[in-house]
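My request is simple: use the sequences and hints to build the entire structure.
As given, the protein sequences belong to chains A and B, one line each in that order.
Residue 175 in my numbering sits at position 175 of the first sequence, and the numbers go up by one each step.
Just add 180 to wherever you are in the second sequence, counting from 1, and you've got my numbering.
Check the hints yourself; a few may be wrong.
The list that follows gives simulated cross-link-like pairs (lysine-lysine, PhoX-like), each with its CA atoms no further than 25 angstroms apart [as the list claims (entries may be wrong)]:
1. A:Lys-65 / A:Lys-140
2. A:Lys-65 / B:Lys-231
3. A:Lys-140 / B:Lys-515
4. B:Lys-519 / A:Lys-55
5. A:Lys-125 / B:Lys-515
6. A:Lys-140 / B:Lys-499
Think of the hints as simulated: they come from the structure by calculation, not from any bench.
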Amino acid sequence: MLMFKNKLFTFLLTLSLSIFSQAEVISVEKFHNQAFPESELRWQTLWLNQDLRIKAEKLLGHSFKELRVRYFGQNKRTAWILDEIGKELPITIGVVIENNQIIDVVILEFRESRGGEVAYPFFTKQFNNLNLFINEEDYKLSHDIDGISGATLSVRAVKRVAMLALLFHQQTNFSQSSSQ
Amino acid sequence: MFKQTLLAAAVTTASVSIYATPTSEDMWQKIQEQQTEIKALTTQLNETEIKISAAADAIENNVSAGSKLAAWAEKTTVGGYGEMHYNNLDNQLDGGKDDKDELDLHRFVLFFGHQFTDDVRFYSELEVEHSISGEGQVGEVEVEQAFVEWDYSETQSAKAGTFLMPVGILNETHEPDTFYGVERNSVEKNIIPATWWEGGVSLSGEIAEGLSYDAALTSGLYLEDGKYKIRDGRQKAGEAKADDFSYTARIKYTGIQGLELAATLQYQEDILQGETHSSGATNIDGVLLETHLTYQTGPFALRALYASWNLDKALSATKTGADEQKGWYIEPSFKATEKVGVFARYGAWDNQASDSADSEITQLDLGVNYWLADSVVLKADYQNQTVPKGQDEFDGINLGVGWSY
Numbered sequence: 001m002l003m004f005k006n007k008l009f010t011f012l013l014t015l016s017l018s019i020f021s022q023a024e025v026i027s028v029e030k031f032h033n034q035a036f037p038e039s040e041l042r043w044q045t046l047w048l049n050q051d052l053r054i055k056a057e058k059l060l061g062h063s064f065k066e067l068r069v070r071y072f073g074q075n076k077r078t079a080w081i082l083d084e085i086g087k088e089l090p091i092t093i094g095v096v097i098e099n100n101q102i103i104d105v106v107i108l109e110f111r112e113s114r115g116g117e118v119a120y121p122f123f124t125k126q127f128n129n130l131n132l133f134i135n136e137e138d139y140k141l142s143h144d145i146d147g148i149s150g151a152t153l154s155v156r157a158v159k160r161v162a163m164l165a166l167l168f169h170q171q172t173n174f175s176q177s178s179s180q
Numbered sequence: 181m182f183k184q185t186l187l188a189a190a191v192t193t194a195s196v197s198i199y200a201t202p203t204s205e206d207m208w209q210k211i212q213e214q215q216t217e218i219k220a221l222t223t224q225l226n227e228t229e230i231k232i233s234a235a236a237d238a239i240e241n242n243v244s245a246g247s248k249l250a251a252w253a254e255k256t257t258v259g260g261y262g263e264m265h266y267n268n269l270d271n272q273l274d275g276g277k278d279d280k281d282e283l284d285l286h287r288f289v290l291f292f293g294h295q296f297t298d299d300v301r302f303y304s305e306l307e308v309e310h311s312i313s314g315e316g317q318v319g320e321v322e323v324e325q326a327f328v329e330w331d332y333s334e335t336q337s338a339k340a341g342t343f344l345m346p347v348g349i350l351n352e353t354h355e356p357d358t359f360y361g362v363e364r365n366s367v368e369k370n371i372i373p374a375t376w377w378e379g380g381v382s383l384s385g386e387i388a389e390g391l392s393y394d395a396a397l398t399s400g401l402y403l404e405d406g407k408y409k410i411r412d413g414r415q416k417a418g419e420a421k422a423d424d425f426s427y428t429a430r431i432k433y434t435g436i437q438g439l440e441l442a443a444t445l446q447y448q449e450d451i452l453q454g455e456t457h458s459s460g461a462t463n464i465d466g467v468l469l470e471t472h473l474t475y476q477t478g479p480f481a482l483r484a485l486y487a488s489w490n491l492d493k494a495l496s497a498t499k500t501g502a503d504e505q506k507g508w509y510i511e512p513s514f515k516a517t518e519k520v521g522v523f524a525r526y527g528a529w530d531n532q533a534s535d536s537a538d539s540e541i542t543q544l545d546l547g548v549n550y551w552l553a554d555s556v557v558l559k560a561d562y563q564n565q566t567v568p569k570g571q572d573e574f575d576g577i578n579l580g581v582g583w584s585y
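Have a look at this one:
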């Protein structure tokens, strides 16, 4: 019994020593400041009509109940913060778009116990410069995204949000100026 | 004539008085009035926007605001997976077990989770194996996972309950659409032994970017008298003997795109849980070492795994060579299109590896996955075993359909 207690103590000590890292959850303000340096935080609103809702639901593969989506916009750039469930909990994902192309994807908060690798730059930078292909109501990114072993559902969630942000961007005035 | 001229003069005078240029004071007054009106309209517009937003908030939140059941449902998640298999395997051993020609709803699984607070959640996995369970039936109902998880910091969490052991490739992630082959691979099944869950407590978290750890204190394995295969030691957290515990630590690196490198070390205090086999074997402690690699680049992927158990030599009294049990496999694959992937796997395992007798089984698998949708898959493969002389050797084809949601 004494030996067991010694082992248990060593075990718990090892565990407590291993806990020394504190990763940051990226705030909305920080995300905004990265997307629009030195500009005032001001929300824009995109209202969803029936047609846009149908497209969003087709793209996501599930219902989208929100009546409107808030976002940031300036000149030809928009930034979106959207939640999407990977396996069971929502991942909060930020997408910055300019000229109908993604220029940044940021995971603001990852809540699930597995699949957190989608927050790493090696994964998110794959989205840079991608745009949205629409082929007979089938939505695709303009390039394949390499997956992550053991994080399949989280990877799919980030891909869906990236496409949704591109679709939403196209509905804003900030996109119309970029298309000219 | 005079009358006409007079009339024209009167009309002209009246027109001039009606359209006379306003004075600057008139203009200023009009501007002021319009300004006031614009302000009023702007205020009205803003108020309308606020009302619309409030209405939208109310509509969007209506479900949770209006119903306690709906609020509960919003915090509760349901998912699941399942797989049905058809095996057509011929036993190459004359006089051995029957050929395996069967159709089996191998697994039907439901996930239930509930988020109590932002930091505290519950997760569970309820599984029916082989479709039907009960007295004399072939299947089982199992609770593979039922734990409470607490995020005590941004990157660290603790678990208590029954959970999957942090070891191997398939043990924790085994939805059928995530791996190749109809059946789970034999090496992880017979050596790790997947699927493996225990009751206890664990800590998990990130040490640095791409580097994470798991550490667990759990119930241990238990081999009844005469049993020696590590897979037979799973107690499945059902009135599990807890005279002796197990200690597990895993380190995992996922800091490079497509790469996962992991190693698990586990110490079992006594897999006989204080009992003595009729062979005289007693007090069998053991160490599991498992390490694996997965790598994916473009359409190419590779999985490789090695696992070995080193148990107290006394277990050899129950079965010769059983104090060492080990296995490995390597599995390259190629996803030709988004929907079609092919693979090859070669693996070997041995549950009596410490003696010189030939007891190793090898298996070659070749097959294809066809994804009907992201998480719905059809599978087909061919397996060819090589076994020690006098043992059952199953070769043939497997077909399957799997789904998760």
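For each hint, the structure was consulted:
no. : hint                  : result
1   : A:Lys-65 / A:Lys-140  : 22 angstroms, holds
2   : A:Lys-65 / B:Lys-231  : 19 angstroms, holds
3   : A:Lys-140 / B:Lys-515 : 18 angstroms, holds
4   : B:Lys-519 / A:Lys-55  : 23 angstroms, holds
5   : A:Lys-125 / B:Lys-515 : 22 angstroms, holds
6   : A:Lys-140 / B:Lys-499 : 57 angstroms, violated
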